[in-house]
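As they're listed, the protein sequences go chains A and B.
Last residue of the first sequence: number 390 in the numbering used here, and the count goes up by one each step with no gaps.
Last residue of the second sequence: number 390 in the numbering used here, and the count goes up by one each step with no gaps.
Simulated from the structure, these hints should not be mistaken for laboratory data.
Check before you lean on any hint, since a few could be wrong.
The list makes no distinction among identical chains, and a pair is therefore deemed to hold if it is satisfied within one copy or across any two copies.
Straight-line distance between alpha carbons at most 20 Å, and here's what the computed DMTMM-like set of lysine to aspartate or glutamate pairs gives [as the list claims (entries may be wrong)]:
(1) LYS265 / GLU143
(2) LYS261 / GLU30
(3) LYS265 / GLU30
(4) LYS265 / GLU207
(5) LYS27 / GLU101
(6) LYS81 / GLU30
(7) LYS334 / ASP88
(8) LYS265 / GLU193
There are 2 protein chains.
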Amino acid sequence: MTATQFHPIIPTSSRLGETKEYYFSTKLRELAALRAAGKDIINLGIGSPDMPPAPEVVAALSQTATRSDIHGYQPYAGTPKLRSAFADWYDRYFGVDLDPETEILPLIGSKEGIMHISMAFLNPGDEVLVPNPGYPTYRSATELAGGVIRDYRLSDATDWLPNLEALEASDLSRVKIMWVNYPHMPTGTAAPEGFFEALVAFARRNEILLCNDNPYAFILTDSRKSLLSVPGAKEVVIELSSLSKAQNMAGWRVGAVAGAKEYLKSIIRFKSNMDSGMFRPVQEAAAVALGLGPEWYDGLNAHYRRRRDIAFRIMDQLNCTYRTDQVGLFVWAKCPAGKDGYAISDDALYNKDVFITPGGIFGDEGNNYVRISLCSTEERLTEALERLAN
Amino acid sequence: MTATQFHPIIPTSSRLGETKEYYFSTKLRELAALRAAGKDIINLGIGSPDMPPAPEVVAALSQTATRSDIHGYQPYAGTPKLRSAFADWYDRYFGVDLDPETEILPLIGSKEGIMHISMAFLNPGDEVLVPNPGYPTYRSATELAGGVIRDYRLSDATDWLPNLEALEASDLSRVKIMWVNYPHMPTGTAAPEGFFEALVAFARRNEILLCNDNPYAFILTDSRKSLLSVPGAKEVVIELSSLSKAQNMAGWRVGAVAGAKEYLKSIIRFKSNMDSGMFRPVQEAAAVALGLGPEWYDGLNAHYRRRRDIAFRIMDQLNCTYRTDQVGLFVWAKCPAGKDGYAISDDALYNKDVFITPGGIFGDEGNNYVRISLCSTEERLTEALERLAN
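If we strip away everything but chain A, and leave its shape as in the complex, we get (with noise of 0.2 Å):
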């Protein structure tokens, strides 16, 4: 059979019709063409870490695939052993006491743990709160599981934070799950004083599942935050946690979901039906990557430290405009004036050779935005620049 007598019987299902394939799946697959017709860009875009793990978390690796006893299929919930690694990791850097028998239900990333928490809570025409901008996901999780996506918008005039007051004025009833995310992505805002205690209030009075996806926790601060450190947050907060980020293991799709047992047991119902455990190897050393020591942070901060910098100049030379404060693993910035983040992002990607994240992906109130990933070397940022100056 060759491919022009094809035509596909089956149609899909009406839930994907608002659902794109996800903004960086096409877009990767852009720079790849672009490449592959000789071009040289600089993938200023996805938050990829381009530093390796620790060593010894790459040697943990190989020392387990080495054992014959391994290879067979892994406990659903994770090795009693990476559950007390995580545990143990949101006592020392949250102060936060998990029962890492109940508490923590390792992921295969953080990602998917969106999906899982929204059919495991969501019922068709459930309302979910979704921060705009914010990280594409929450919305397309939302949809997929046939919730109701109900904006929250951010802006820099109230710091990027949600307006609590306002949200409470209108009618909450049918919202099910509010999506947190602090440090916020794409906007680099830390929660101040005071702001996760009001969250959870918030969830407490309106009865509503507080998800907070928090995978920028360690880079580019040292005030390290959960939500679960907040009094009675167990009752409405469950929280992500991911590998991607600070240990450098985004390839590696390693995460968790820590909180109250019972909503834990829920996921764990759908996740059970749909996958299996994680390969014992990447546990492994997943639970030494969470042994690390402060030194360990220190040093990616240090990097990333240089690296903001130059993607400051970066932003000065768009005429874009940021606030220096920012923490995570990237910088946002206003655009100029008379121009989008789109045209911006065409602009430097088409001319340039150099791709910046439009902050229009994250919601229409990140349209006047730019984002730039930190995950470049010092000297590729720096190639960046003068090629953008040019």
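Assemble chain B onto chain A, guided by the hints.
Just chain B now, kept in the frame of chain A:
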């Protein structure tokens, strides 16, 4: 906050209402508890190969992991190298020609593919033909995606094959997907001559997406078959493959879905919003595993043949009767009159410390059957036999 003060405020989705935690997820916890209490349980339940992958597969993992540039996010559709390795493997072992660019999508194990396919194609209320007995995940994925299960009943009297004529005499207008799985788990039935052709014709006439789950293609059979080899199949067939069984990589989580570009595009629209590409060292190792020659499979099957002989004797000991022409990783047998599979399983577990899977967990057509996995050594199988004889 102590545990006693806690009550979960947010209820779960009603889609979880009918879906239990996956049977083996809870059962493995029970076995772990019995072991913790000092029992030496012989687990003849789950089909998790106990032998390691080929040494060159493990070496590829370790070698790749030492590279510093492979720890970031990987392409959503897998590396070109892994997709080509799957296409070459399909060509070599199944005589099926696939475009590695568009007709292969690597998966984090084929199990997740069952959920991706269900989510990508089912609208609420769409009907799904599910084998009874069959792999429980077809059933739970259908429910979780909002579909309606329609059992097609298999029995020893009809050689464990669906009665397509009887199905076609019923109203199939709402049926969107049919799950098939030959070699069939749990019954060990191989697809007879002409059966795949009849299935494809049935699916084309009724505009049903025919999903063949094919993890057992290599085990205890030399007649390897792909449903995609039937002329015209690509218009209605997608097929799941797995490295879990025949490559001894169950814990690694590698599989693929193969089929027409248009169907795979729909699947990736869901999948790319939920996860990311697989760990690069695992992809490199999987490509090596797919390149293994027939001698690898011959070596594996020599083990499984010897183990199957012991499993037959265990079934004799239990007064269960079976076909000797079974293929795949299990032995399926009928209980003696007056006992069902649950009674035999409980008796073996609680009195002899041997876990045997009750056939009823695969659907009520399996109630009077039990299943023994061949994923234990000859020594352990012999010990189980001896325990049951005493």
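* **Status of GLU30 relative to LYS265 across identical chains (alpha carbons, at most 20 Å)** => between (40 Å within a copy, 16 Å between copies)
* Asked: When no copy is specified for LYS265 and GLU207, does a C-alpha distance of 20 Å or less occur within a copy, between copies, both, or neither?
  -> within (19 Å within a copy, 38 Å between copies)
* To do: Tell me, please, which holds for LYS81 and GLU30 at an alpha-carbon limit of 20 Å: within, between, both or neither?
  => Between copies only: 19 Å across chains, 41 Å inside a chain, cut-off 20 Å.
* With identical chains treated as interchangeable, where does the CA-CA distance between LYS265 and GLU143 reach 20 Å or less: within a copy, between copies, both, or neither? -> For LYS265 and GLU143, the Cα distance is within 20 Å only across copies (18 Å; inside one copy 23 Å).
* Taking 20 Å as the upper bound on the Cα-Cα distance, should LYS265 and GLU193 be classified as within, between, both, or neither? -> neither (32 Å within a copy, 45 Å between copies)
* Asked: From the Cα coordinates, with 20 Å as the cut-off, is the pair LYS261 and GLU30 best called within, between, both, or neither?
  -> For LYS261 and GLU30, the Cα distance is within 20 Å only across copies (18 Å; inside one copy 43 Å).
* Can you give me the call for LYS27 and GLU101, within, between, both or neither, at a CA distance of at most 20 Å? => between (40 Å within a copy, 17 Å between copies)
* LYS334 and ASP88: within-copy, between-copy, both or neither at 20 Å Cα -> neither (40 Å within a copy, 49 Å between copies)
Consistency with the previously given hints fails for numbers 7 and 8, ordered from lowest to highest.
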